[in-house]
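So the sequences go chain by chain: Y and W.
Under the UniProt record's numbering, the first residue of the first sequence carries the number 1, and numbering increases by one thereafter.
Under the UniProt record's numbering, the first residue of the second sequence carries the number 1, and numbering increases by one thereafter.
Calculated from the structure, these hints are not laboratory results.
Watch out, some of these pointers could steer you wrong.
Listed below are the simulated DMTMM-like cross-link pairs for lysine to aspartate or glutamate, each with C-alpha atoms no more than 25 Å apart in a straight line [said to hold, decoys possible]: (1) W/Lys30 <-> Y/Glu101; (2) Y/Lys140 <-> Y/Asp587; (3) W/Lys131 <-> Y/Glu683; (4) Y/Lys2 <-> W/Glu43; (5) Y/Lys592 <-> Y/Glu101; (6) Y/Lys561 <-> Y/Glu691; (7) Y/Lys361 <-> W/Asp90; (8) W/Lys276 <-> W/Glu262; (9) Y/Lys486 <-> W/Asp90; (10) W/Lys30 <-> Y/Glu683; (11) Y/Lys48 <-> W/Glu222; (12) W/Lys30 <-> Y/Glu24; (13) Y/Lys634 <-> W/Glu155.
Pairwise CB distance ranges, derived in the manner of DEER restraints [unchecked claim]: (14) W/Thr162 <-> Y/Ala736: 23 to 31 Å; (15) W/Glu175 <-> Y/Ile15: 27 to 35 Å; (16) Y/Gln125 <-> W/Gly273: 40 to 48 Å.
Cβ atoms here follow ideal geometry from the backbone N, Cα and C, with glycine treated the same way.
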Amino acid sequence: MKNIDSRSHVRGESIYVDDIPVREGTLYGAVFGAPHAHGRITALDTAKAANATNVFRVLTAADIPGENQIGGIIPDEPLLAADAFHFQGQPIAIVLAESEEAARAALSLIHLEFEPLPVITDPRQARAQGELIQPPRTFKLGDVDSAWTNCTHIFEGRAESGGQEHLYIEAQGAYAYLTEQGGLQIFSSTQGPTAVQRTTTRVLAIGMHQIEVDVTRLGGGFGGKEDQATPWAVMAGLGALCTRRPVKIVLHRLDDMRMTGKRHPYSSDFKIGLDGDFKILAYEVTFHQDAGAAADLSPAVMERTLFHCTNSYFVPNVRATAYSCRTHLPPNTAFRGFGGPQGMFVIEAAICKAAEALGVKPAQIQKRNLLEEGDAFPYGQTTSGCRALASWNQLERSQGTAELEAGIAAFNETNRFIKKGLAFQPICFGISFTKTHMNQASALVHIYTDGTVGISTGAVEMGQGVNTKMLQVAAELFSIEPSRIKMETTNTTRVANTSPTAASSSADLNGKALEKACHCLRDRLCHTAAGILGHGRADRIQLREEKVFDGDMETDLSWAKLVEGAYFQRVSLSQQAHYATPGLHFDTETEKGEPFAYHVYGTAALVAVVDVIRGTYHFETVRLVHDFGRSMNKTIDLGQVEGGLVQGIGWMTMEELLYNEEGRLLSNALSTYKVPDIYAVPEEIAVEFLETEGSPLALLKSKAVGEPPLMYGLGAYFALRDAIRAWRDTADLPLAAPMTPERVLMALHGPHPVKPVPEESPAIAAQE
Amino acid sequence: MTQPIRFILNDRDIETRLPAGMVMLDFIRKQRRLTGTKIGCREGDCGACTVLVGEWNDGAMVYRSMTSCLMPLGNAHGRHIVTIEGLNTDDLTPYQAAMVAEAGTQCGFCTVGFIVSFAGFCLGDAEPNRKNAIAAVDGNICRCTGYKSIERAAESISTQLTNRPEQNRLAWLVENGYLPTYFATLPQRLSALVAELAQPKQEATHQVVAGGTDLFVQRPEEMAETPLRLVFDHPEFNGITVQRNRCIIGASATAEDLRQSELMNRMFPHMQGYMKLVSSTPIRNMGTVGGNLVNASPIGDLTVFLLANDAHVTLENGDQLRVVPLRNFYKGYKTLDLQSGEHLRSISFAIPEKGTLFNFEKVSKRTHLDIASVNSAMRLDMNGETIREAHLSAGGVAPIPFFLAKTREVLVGQPITPELVHAAATTAAAEVSPISDARGTADYKRLLLRQLIYAHFSVVAPEQVELEAAR
C-alpha cells in the first residue's frame, strides 16, 4: 500500500501549519534573537518596535504569566531570555504584527544592551571548565583495565563527528487562538503534541485540559521537531493569550537555521585492543558531546551514544564514558539516530585506525567481531534474534562484494587520477525509548453508523508513513476497504499523554494500541453478528472482505449492516486502548537492564569514487541487506531505508555545520549548508530484504525502520578514506567527519604528518 | 508603477497594482490563497516554490520552471503563471501518478515543486529520457526519500512521453491528461493579452532587475519598496550572436539560453558539462549573464567563464556606449567601473580559433546546485604546439573575479610540458589571496586552485599532467 497521503501530496492539497486558512485578525509573530552567543542583558527597549506601523505588540519575558521555562529533561532554558542569553539567536522578544513583513521589519527597532561574556564553542573546553549539563555516565562490561595486557595490538586516537542540520523543508511553525472559557487551540508542526501542551501549561499557567494541540502532518521532522517545535508553539499560545487575537509564527528559514539546535557534534577519544587474530578484546572510549547552551534532549541522546558505543560488535571488555558539555551554541537536539550514530562512528574509526596500522582492510576486523546470538551488550541486555553475521554473509553472497572488491583493485591499478574505495557498514540499533516510561501509546477508534471508521493515535505523520501503517492495521483487523478508514489528526483531546513520535517506535507503540482497540471492537461486533444470526456463537464469526462469515459460510450480513445493527442494539462502536511495551527496564545506578524491545540489524557495502585531481567524489553503489523482520509495507520501508541512508551519507560527506569562535552559524542558509541533491545520491542503491522472523514486540512483526538505515551512511566516510588511501596511504589522516571535498583534497595533497611506522606492541613492551 | 501588472495565473486573468518587486510566491500564497506552492528557503535553493512561467514566443507557448520566491511579480507581466492548482485535473496527471506509484513522496512538502518541475519537463523541448527528466528536477531538494524513488518516477515519466509529438505538443498533452483543458486556450488568450500590453514605463534611474536571482536573495524586503526597471527577457538585451568574429551576448540572456545556444555549444564542445555545474534548471531559467557580471560576486560562474575568454562589456548610458575589458570592470569587492545612469548592455568576446584549448572547472561542497569553493577557466590560443595567448580566471580566491595575470605570463610562448603545467599550477596558487569562509579555508582554496590548473590541463592535454611526484 502506498502512503495514504500520496494523492493529496502530489496535488498540493495536503495541509501543513502554514496552509491553514487564517482567521480574521490574525497576528504574525517574528522572534528577536540574541545577537551574540553569551551576554548579560543590561537594557531591553521594545517601545520603538511596538509603535511601528502595523505592529500590535511586542512580548518579552515580563509578559509570561507562568514559569519562563521550557526545559524538558532539565529545567535550564527560558522561553524568552530575561537576564542573560547563552547562544546566538536565543529568543528574547516576539514582535506581533498585522503582517509577517511588518513583524520582521520591526525586529531591527528593538534595542538591546548587554555585557558580553566569554563564549565556549568547544566541548572539550567546556568539560575542562566544568561546564557539564549533568554528571558524566559510564557503561562497563568486563574489566577493561586488566584486558589491555592480553592485547597484541593497541591503538589510541581521536574521532570527531560534526553536527547536522535537520533541514526539514517545512520550517518550524505554529498557529494558536483562544477558544472559549480560557481554552487555547494550537496547531503545531511538532513531533510531540503532548510536549507542546505540557510546556504551554507551564509557561501560561493554565491547565493541560485547556490546551488542545492539533497536528495534521509535518513537512519533515527527523527529530528536529521533537522538542524544538515547542518554543514556537508556546510563543504563539502566549501571543494569543496576551493579545486575544489568533497568532501565527512560522520561522523564516534563516531564523530556523540559526535559532534551533541540530545533531550533536562529538569529539571522542578511543583506545582499542586486539589479539593476534584481530579479535577485539578491549575498548575504552570517552565521548564529549556538544550539548549546546541548554540540556534539551542531550542527556537522552548521550545515553543512546553509550548504548550504541560498540555498534554490531561483541567486545568483552568495555568502558565507555560520556560527558554532555555545555557550550554557547543553540541547544542541540534529537536527530534520526539520536546519538547512536555518533557512538557507532567512534568504534568504526577505532577499527579503521587499527586496520590501517595493521595493513589490513577494516572489514577483516569488523567481520571477525560481529555480535552472535546470546552476546551481551555493555548495558547488560543480550542479543536475541541476532542477525549481524547473517546480514553480512548474505550481503557477501548475494550482492557480490568479492567481485566488487576485485573490481575496485583492478580499477585502481589502471586509473591514475580516479580512485575507488570500499567500506562495509554493519549496523545494530536498539528499538524503544531508552526512558522506559515513554514506551506507551494509545489509540481511539470510532466506527460510524455508515460503516466508516475514524482512527486517532498519538503518532504524528511526517512522511514516514506511520498513518498508512495504522490504517493497514485497522483495515486488516476489520477486513474492510481502506477507503472506509480515515486517519484523524493527532490531537491531545482525542489521544492524551502521548510520547513524541520518535525513537523509530511510533508504529510499534501506537499500532499495538490500535490493534488492541480494533480487537475489542471486532469482538463486540462478532458478538453482535452472532446474535443477529441467531446462534450467539461469536467464536464462529469471521469478518472477511467487508462480509460477515459464519464459519466458512458467507452470510447476508455485510460490514455496514453489521455496524448499523450494532448501533441499534446500543453496542458501543468506539474504543480506546492503551499499550505499554512489556519487559523493559533499566537501572541507571548499575547502568544495566533490558532497555530495548528488540534490535535491528543489517550490513551495507558502499563504493566511493574519488577524483584525485579535484578532490570531488561520488558514490557508485550502495548495496545492503537489512533486517526488516516481516515488513508490513515494503514500499514504505524501502523509502525509509533509501532516505535514511542518503541522510546518513549527507552527514558524513557534504553536510558541514560551521560556527565561528563567537558562536555564529556560518552555514546559515541552504546556499551554505548543503544537503544531498538528486545528483549527489549513489548511482545505485540495492536494498535486499533479509527474511527474518521479526519480533513479537514489533507491529505485525514488522521491525521499526525509521532510524537504523541512517547509520549505513557511516560507511560513506570510510569508503572515501579507502579511496584516498589508494592514492596516498602514507599520510596519517585525522578521523574527522564530515569528509567534505575540502577534507578529501587536503588528505590527497595537503601537508600531513606521515603515518608512524607501527611500534612494537605496547603489551610486549610492557612485559619486557 | 502607474500601469497594472497583467498576466494569467492558472486559468484566471490577473490585473494587479501591487508592487512589481513583491515576490511571486507571496502573491500566490497570500493574495490568491493558493497554498499548494510551498515556502522552503526563500533563496531559490530548495525548489519547493517552483512555478511554471509561460510565454507567447514566435507563435507558440514556451514554459520554463522558476522559483517563485525570487521572481518579481513584475516579471509575470504578459505571461502565464502555473501553480500546482493550475495543473490538477480530476484524475492524477501521468507525472503525478508516477510519483505516487514509485512512492516519490513522503512528507509531501517538497513534492509539489517536483511535480511542477516534471510538468515543465513534459512541456519542454528536452528529449524525453531518464537523464533529462532527472535534470528537470535538479533544482528540487527532498529531505525524505533519498531521491531513488523520484528517479524511478522520472524514468517512468520519460518513458510515457516517448509518444509525444513534436508538433501540437500542447494539444497532445491536454488530450492525454497531462494538463487540464484550459491550457488549450492559452495560446489564444496569452497572445491576445500580449498584443494589448504596453511596455510599462520605466525610468532609467530605477533599480535594474533581470532574473532577480541575486537581488531577491540579498535584499528581499527592500525590493518590494523599490521602483524597478525590469529588463528580464527584454528584446533589446537578448540574443547570442556572432558579429565580425566576436560572440555577442545580450545582458539579459539567461544562463539557460547560454546552455541551449547552438552557437555556444559549437564554440565550446563541453558547454553542457560546464553548465550542469551552474545552479539549477529554474535558476538558470531566471538568472542572466548580465546579472551574474554586475552582481560582482567574486565567485560568479559565468563571470569566470567569460573572464577567461577575455570578454568585454558594453555599457550604455542614453546614446553613449562604452566598452570595458571585463578584467578591468571590477575595481574591488562588489565595486564596478559603472557610472551613474550606465547599465550593462552586452558582453562580447573573440570566438575561439581552430585549435583553441578551453576548459572550465568548478568545485563546490556539493557538485551541483551550489556556489563554488573555487572555479576557474582557461583559454589557450595556440600557434602550433606553442601557446600564443593565454587567459586564465579564478573565482573564490580574491575580492573580485580574478584574472590570473602571472600564470598567463608563465604560459605565453611556451609549449605544454609537464614542467610548464606544474609551473602554471604553482604560480596560480601563489598569485591569489583567498580568505576562509563557509566555502572553505584559505589553504584549501589555494590548493584547490592549483589542482584546478592541473585539471584544466588534464582535460586539454592529459598526457602532460603528472601528479604522482607530488605525493
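Now for the hints, and whether the structure bears them out:
no. : hint                              : result
1   : W/Lys30 <-> Y/Glu101              : holds (12 Å)
2   : Y/Lys140 <-> Y/Asp587             : holds (13 Å)
3   : W/Lys131 <-> Y/Glu683             : holds (12 Å)
4   : Y/Lys2 <-> W/Glu43                : violated (32 Å)
5   : Y/Lys592 <-> Y/Glu101             : violated (54 Å)
6   : Y/Lys561 <-> Y/Glu691             : violated (40 Å)
7   : Y/Lys361 <-> W/Asp90              : violated (57 Å)
8   : W/Lys276 <-> W/Glu262             : holds (16 Å)
9   : Y/Lys486 <-> W/Asp90              : holds (21 Å)
10  : W/Lys30 <-> Y/Glu683              : violated (40 Å)
11  : Y/Lys48 <-> W/Glu222              : holds (20 Å)
12  : W/Lys30 <-> Y/Glu24               : holds (14 Å)
13  : Y/Lys634 <-> W/Glu155             : holds (21 Å)
14  : W/Thr162 <-> Y/Ala736: 23 to 31 Å : violated (48 Å)
15  : W/Glu175 <-> Y/Ile15: 27 to 35 Å  : holds (32 Å)
16  : Y/Gln125 <-> W/Gly273: 40 to 48 Å : holds (46 Å)
Of the hints listed earlier, those the structure fails to meet are numbers 4, 5, 6, 7, 10, 14, in rising order.
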